[in-house]
Amino acid sequence: MTELIERPAADGGDVVVVDDHGGAGHDAHEHHGPSGLLKWLTTTDHKVIGLSYTVTSVLMLVIGGFLAELIRIQLATPNSTFVSLAEYNQLFTMHGSLMIYLFAGPFAFGGLANIIVPLQIGAPDMAFPRLNALSYWLYLSGSLIMLLGFVVAGGAADFGWVGYAPLSNALYSPGAGADLWIAALLLTGFSAIFTGVNLCATVFYLRAPGMTMFRMPIFTWNLLVVGILILLAFPVLTAGLVMLYCDRHFGTHIYTVHGGGVPVLWQHIFWFWGHPEVYILALPFFGMVTEVIAAFSKKPVFGYKGMIFATITIAALSLGVWAHHMFTTGVVLLPFFSIMSLLIAVPTGIKIFNWIGTMWGGKVRLETAMLFAIGFVITFLIGGLTGIYLASPPLDFFTHDTYFVVAHFHSVVLALVMGGMAGLYYWGPKVTGYRLNEPLGKIQFWLWFIGAQMMVVPQYILGLLGMPRRIAVYPNDPQWATLNQWATAGAILMGVSTLVFVVNFLYSWKRYPVGNNPWDAQTLEWFTTSPPPHHNYYSLPPIRSERPTWDYNHPDQRSLAHGHHEEPAPAGAPA
Amino acid sequence: MKVEAKLLLYLGLFFGAMGIVYWIWSGENAGGMMLMASMALGFLPGGYYLWWGHRMTARPSDLDDASIADGAGIVETFPGSSIWPFTLGCGTFFVGLSLVFGVWFAVPAVALIVWAMLGAVSESRRGGGHTHNAHG
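Chain order of the listed sequences is L and E. Going by my numbering, the first sequence opens with residue 3, and the numbers climb by one from there. Going by my numbering, the second sequence opens with residue 45, and the numbers climb by one from there.
For reference, chain L alone in the conformation it holds in the complex (with noise of 0.2 Å):
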């Protein structure tokens, strides 16, 4: 079945949907397509798949929280037994891998992005609907593979989620968990490609009339910087995953010394991949936390055009910094990657300077989505700045494999599972028409803020002191034993947060109904129902600044082009 969609001839009229039955109507759709299972399975509605993204996601969240949860147990205690060594190894590639692969991406440019940026530009469904179930269906076989790993003989990868040379080869990690590691993430790597591809299509040939560029949502901007990167980065890991396969079953000696190969040519490749893959999780995060701010500030982003620029700049540094990972292997280019390093902080800087200008003087409501919004703010600001510490070669020798890397990034990842909570709280209305119950929300921002804190603080002096990453059992040291202790009480804390939500969501499953804009937000997502028709919108408003909706909303406070100040009225005046 094939809809062709027309746009309305008048601001604020019908969008005629006509599909090849002949029905016009914006629900012609719904009495003739496929139902139940067959309809999921056959689905291209960029809402549905963003949603299943989302359910499969977070499922993967909760299963590499689970894995998390069970290394704590094994760090409370000294020279402790509670699983083996092996085991061990294990638990964290396999927690790292969900978490990084399966987890933070997928639910960031797949789910949210899927569900939202169409909404925002105001476009029927994503520029290619089948390539985009594709995707899905692509990121979902990957996430069964690999989790496929726990059952086989031999277990899963246990090598890290970074996979070095030569301990990823077949001499040292034979067995089919590290094939199916290599198998799960070539496929989600293409999924995230087509993603790419899709994402920058639909922003460059799907806008609504008026929609200009610069006045696209920040979450719109981040998410097709987002998708340019995925085309930068991701295709050298699917390459360089395609070589380290070669290298274990046909005899390529491509990461091997003894024939003729380069084992740190792997680090080369996965970070030219990885330290990009690092933006490509937390630009989604931040166009979340910048819409949230916004709209419970009550007032436009401040300085929109700086946030865009920022955006650009730290993707195109991003590429310039891939061995600031790879300083200790004595064979790059220490000031160069350095300087790239340090420079990334000053547009970073200007988010956080911009989204605390966002808040000052508005209207700030602390609901839930707000809540985990700040939360995020001061949780990467922490992260960020301990990474201006790693960017420094003399710091990065001694803290280097520490758990003061381990505490830095999971600052930062801790920091954007708030983001996306509040991306959750925030869009969840929208695409459902409910939203979660606000109390518990609040119970569960703060038992995750709190245990986020708890974990890495304590994990940052035991860095300090010496500890390394990746060991399951270290030597009796009253110190270590107490900090270590700490952070597993913080690891449960947040454990006890995912329950909280997950009570939240079944609590709340169609109790609370809400209009089409609950939070009165200013961007063209807010003007269609709640949840969306099929093809997005009944009908559009005038769109002459970055936030239609507000405009539409509040004509007395209509937003004027950039540079020009309606006076008297200041900025978040009542209505």
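No lab work stands behind these hints: they were computed from the structure. Keep in mind that the hints are not guaranteed to be accurate.
Unchecked claim - In silico DSSO-like links for lysine-lysine, alpha-carbon gap of 27 Å or less:
id, chain 1, residue 1, chain 2, residue 2
1, L, Lys512, L, Lys41
2, E, Lys46, L, Lys307
3, L, Lys365, L, Lys307
4, L, Lys444, L, Lys512
5, L, Lys444, L, Lys365
6, L, Lys307, E, Lys50
Quantities reported herein were computed from a predicted structural model and do not represent experimental measurements.
With chain L's structure known, arrange chain E on it following the hints.
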């Protein structure tokens, strides 16, 4: 279309400049080569958009003062639903398994992928533009 072109071209320019500095300074080939390829990924689509942006009239989505009515009419044809992405996904799942558990998994993999490609192509040929074909 010009903003899109500039975005890609400036990124390509930056990667090119950074790549030249890095390659000359470090003499390390893998990174230098990857940065040059990144430059190409900025220049190829960016150059196309620039070329095309100078030849097309601005679209309603490029104009500050466009009204919704300026974009009235057909936006695009979208598939309402399709089984072929799922079929293709099943095929690639078996490709993944064949990399690990043996080549024989490639038999269902190739069968499903070929079937899905034929199905998707014929669906596109049948579907596109047949809007007035009731119950077609």
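These are the hints, each one checked on the structure:
1. Lys512/L <-> Lys41/L: 22 Å, holds
2. Lys46/E <-> Lys307/L: 17 Å, holds
3. Lys365/L <-> Lys307/L: 22 Å, holds
4. Lys444/L <-> Lys512/L: 19 Å, holds
5. Lys444/L <-> Lys365/L: 19 Å, holds
6. Lys307/L <-> Lys50/E: 15 Å, holds
When each numbered hint is compared with the structure, no violation occurs for any of them.
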